[in-house]
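Colleague: Model the placement of chain B on the given structure of chain A, informed by the hints.
Protein chains: 2
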Amino acid sequence: MTMEESEDLKKKLALMEQDIKISKTMGNIKHKIAVMSGKGGVGKSTIAVNLALAFANKGYITGILDSDLHGPNVPNMLGIKESFLKFDEEGIVPIKSDDGLAVISTKFLLSEEDSPIIWRGPKKTGAIRQFLSDVNWGDLDVLIIDNPPGTGDEPLTILQSIQSLDGVIIVTTPQSVALDDVKKCINMLKHLNVNVIGLIENMSGFVCPHCNKKFSIFGENKGEKIAEKMDIPFLGSLNVDLSVSRSIDNEVPVLKQNPDSEFSRGFIKIFSKIEDFFKEEEK
Amino acid sequence: MTMEESEDLKKKLALMEQDIKISKTMGNIKHKIAVMSGKGGVGKSTIAVNLALAFANKGYITGILDSDLHGPNVPNMLGIKESFLKFDEEGIVPIKSDDGLAVISTKFLLSEEDSPIIWRGPKKTGAIRQFLSDVNWGDLDVLIIDNPPGTGDEPLTILQSIQSLDGVIIVTTPQSVALDDVKKCINMLKHLNVNVIGLIENMSGFVCPHCNKKFSIFGENKGEKIAEKMDIPFLGSLNVDLSVSRSIDNEVPVLKQNPDSEFSRGFIKIFSKIEDFFKEEEK
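Chains A and B supply the protein sequences, listed in that same order.
Sequential numbering of the first sequence, starting at 402, is according to the working numbering.
Sequential numbering of the second sequence, starting at 402, is according to the working numbering.
Only chain A is shown next, with the shape it has when bound in the complex:
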């Protein structure tokens, strides 16, 4: 065997070992749900954070993995000020949010708050795989994974690495261009044989708080039709709600800060469909 071949073999063995470790780490978690979107800016992280909180409120021990290497927004949305990873003898230790969520974010990898990660592909997938293998989540009932948007390296790595993923929730806005990207996303999931829990249409419209007129500010709602056409469940639609942007600015999930808002009430309806999916699965 040449030096070259021996190096190659070492690398392959290391990857296999990591695969086994990912299987073990993920095997300890009962349910794993990834939240995805075809494009960015559709409110994916907002959905992921509130989904995690909804599970926690129901008594599930819940964690959230923010795997967006370029825009890791989950810690801010949960008011987490810590910014460094902690380690113990069993691996990386998640940070506990005020609501008791176990949180791991790529943000904790950045030395300075505003420094960009300008990593090339292989280094990025390596970082994500390490998160999947080396975090000591403890006994979790549910792990919500906030995937990076799109169909690139990072979401792909996650979908390929977690063999026992319960399924994926796809978030979109009603714009036709966003929906084009959603179709690509669904086709990727079908191609990879990953279960789709359903589609959520976010920012479906805006009801003027002053005159109560509703406006389709991002175009006519097409989410439900796309879900039907692509043969995946439609979980519901959520309007633009001032309480959501306020809650993000306040770094508290809207479900906690404003549980009676239109958004929160709509979200709880969607959540109960997702919980039903779980119960159905457990039977």
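Warning: the hint list may mix true and false statements.
It does not matter which identical chain is used: a pair holds within one copy or between any two.
DMTMM-like cross-link-like pairs, simulated, lysine to aspartate or glutamate; straight-line CA separation at most 20 angstroms [stated by the list, open to error]:
1) 431 <-> 540
2) 674 <-> 663
3) 626 <-> 650
4) 412 <-> 629
By construction, these hints were calculated from the structure, which means they are not laboratory data.
Modeller: Relative to chain A, chain B alone:
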């Protein structure tokens, strides 16, 4: 020299040859502007398409390169139905839009409309470099490059490959989380020594068309403050405007479909600042 070393050398030579070809191709284009954003869904492609149209309306021969491999929306926004690349002896031939824009998009690389590109990093940067080197743009005055969002492989490849870029326009929304990502983006540009033309705040608010009340639907506007703090020019803010989503659904740029809309009027003000930047540069 071993086989391995000889292969490595061949690859390096091929990359160098491509660098020279990119320099030549890009050298034929007078002005090159990249439109970027820290996160997706902020209206970057809408800005890029209308910016290209604004230049064309002023008599500049203008092209647009849609380099988003995962959500290439530019052809749809311009009502382009063709979906395959054409070649002649001098390279890849851009498609002409109804408005006379020369258009190249990664969408033309996809065999089926809704199929996802699930390429790994190196293959993606290779595709982008090929677009930069092999397109026969003819004599362009201005090339607008619609960059993929974020600070990942693809925007990085473009910024590193085009040595003679005039500068970058950054698009954001007022949300605090979007602004966190904008800071990262500006820091990346500073790190790479790339000129920042300025920041545009999109979706700054929504004026109810029925009662005329204005709502900060995506949080309090912070774009101007961030621009000041990061020491880059602030180009202006644009509200959410129903005419924009309608124009996207109709596949016609809003500047053409509805030139008197609030958005179009605001956009033209921003455009004249960008044109001034050019004139300043030419002195």
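Colleague: Take the hints in turn and mark each one as holding or not.
Modeller: Hint check:
1. In this assembly of identical chains, the alpha carbons of residue 431 and residue 540 lie at most 20 angstroms apart only when taken from the same copy (9 angstroms versus 60 angstroms across copies).
2. Within a single copy, residue 674 and residue 663 get their C-alpha atoms as close as 17 angstroms, which meets the 20 angstroms cut-off; across copies the closest is 41 angstroms, which misses it.
3. For the identical chains of this complex, residue 626 and residue 650 are inter-copy neighbours only, at 15 angstroms across copies versus 33 angstroms inside a copy, given an alpha-carbon limit of 20 angstroms.
4. In this assembly of identical chains, the alpha carbons of residue 412 and residue 629 never lie at most 20 angstroms apart, being 44 angstroms within a copy and 47 angstroms across copies at closest.
Violation of the numbered hints given earlier is confined to hint 4; every other hint is satisfied by the structure.
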